[in-house]
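K.L.:
Please put together the full structure from these sequences, using the hints given.
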Amino acid sequence: MSLISYRDLVGVAYTEEEVKAMAAEIEVVDGPNDEGEMFTRPGKLSDRFPQPYANEQAARFANGGAYPPDLSLVTKARHNGQNYVFALLTGYRDPPAGVAIREGLHYNPYFPGGAIAMPKMLNDGAVEYEDGVPATEAQMGKDVVSFLSWAAEPEMEERKLVCASKSCFQIMEIIGTQ
Numbered sequence: 093m094s095l096i097s098y099r100d101l102v103g104v105a106y107t108e109e110e111v112k113a114m115a116a117e118i119e120v121v122d123g124p125n126d127e128g129e130m131f132t133r134p135g136k137l138s139d140r141f142p143q144p145y146a147n148e149q150a151a152r153f154a155n156g157g158a159y160p161p162d163l164s165l166v167t168k169a170r171h172n173g174q175n176y177v178f179a180l181l182t183g184y185r186d187p188p189a190g191v192a193i194r195e196g197l198h199y200n201p202y203f204p205g206g207a208i209a210m211p212k213m214l215n216d217g218a219v220e221y222e223d224g225v226p227a228t229e230a231q232m233g234k235d236v237v238s239f240l241s242w243a244a245e246p247e248m249e250e251r252k253l254v255c256a257s258k259s260c261f262q263i264m265e266i267i268g269t270q
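For what it's worth, our numbering labels the leading residue of the sequence shown as 93, then goes sequentially.
Hint data in this document are derived by calculation from the structure and do not stem from the laboratory. A couple of the hints might just be wrong.
[To be verified] Under the rule of at most 30 Å between Cα atoms (straight-line distance), these lysine-lysine pairs were calculated in the DSSO-like manner:
| hint | residue 1 | residue 2 |
| --- | --- | --- |
| 1 | 212 | 168 |
| 2 | 168 | 112 |
| 3 | 234 | 168 |
| 4 | 136 | 168 |
| 5 | 212 | 234 |
| 6 | 112 | 234 |
| 7 | 136 | 112 |
[What the hints assert, rightly or not] DEER-style ranges, computed between Cβ atoms:
| hint | residue 1 | residue 2 | range |
| --- | --- | --- | --- |
| 8 | 266 | 155 | 51 to 61 Å |
| 9 | 179 | 219 | 12 to 22 Å |
| 10 | 138 | 269 | 37 to 47 Å |
| 11 | 241 | 124 | 17 to 27 Å |
Remember, predicted model here, so these are calculated numbers, not experimental data. A virtual CB, placed ideally from N, CA and C, is assigned to each residue, including glycine.
P.N.:
Printed below as a string of structure tokens:
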């Protein structure tokens, strides 16, 4: 999620105060200061989401040698990306007869080759929705896909509104000239 800043959440799902509080919970390495030293400070709205690993080697070590992709653009980077991500998140199965999966990998027919290092992440009841919606694997998968789609284009709604208003203006202009 290297392309998303905390400020992108303001007005989408949270108030500015809520996002400031979220950002302040992280420690950001900043600097250098006047003495040339790096320092840490609480996060602020302009900071990007923190990365889950310090570097590529740490990411590979934690994921059985696989380097996890940046999810900022995953729904745009793949053909039919939203459906692919949903199928991948909800598609974990036991391998069919005759299919051997190496230790540390998991069978998912929607992943190229069928063997993926990422374990199943969604399980029924894993979260509790404030509005009482049942936390099924499918519902959580839809929510993750919706968030990742937004993350790929956080300005899309605004862009659509601008386009619609320009179209309305042009139609009114055409009608007015006749």
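K.L.:
Run every hint past the structure and note whether it holds.
P.N.:
Structure-based check of each hint:
Annotation: proposed proximity of residue 212 to residue 168 holds, straight-line Cα distance about 22 Å (limit 30 Å). At most 30 Å may separate the alpha-carbon atoms for a hinted pair to count; residue 168 and residue 112 meet this at roughly 28 Å. Proposed proximity of residue 234 and residue 168 is supported: the alpha carbons are some 16 Å apart, at most 30 Å. Simply put, residue 136 and residue 168 have alpha-carbon atoms about 28 Å apart, close enough for the 30 Å limit, and the pair holds.
Proximity of residue 212 to residue 234 is assessed by CA-CA distance (about 15 Å); at most 30 Å being required, the pair is judged to hold. Between residue 112 and residue 234 the alpha-carbon distance is near 27 Å, which keeps this suggested pair within the 30 Å criterion. Taking the CA atoms of residue 136 and residue 112, the gap is near 6 Å; set against the 30 Å cutoff, the hint holds. Judged by the Cβ atoms, the range 51 to 61 Å given for residue 266 and residue 155 holds: they are separated by roughly 56 Å.
Our hint of 12 to 22 Å for residue 179 and residue 219 holds, since their Cβ atoms are close to 20 Å apart. In this structure the supplied range 37 to 47 Å holds for residue 138 paired with residue 269, their Cβ-Cβ distance being about 45 Å. For residue 241 and residue 124, the hinted distance range of 17 to 27 Å is not satisfied, since their beta carbons lie about 38 Å from each other.
In summary, the structure is inconsistent with hint 11 from the numbered list given earlier, while agreeing with all the others.
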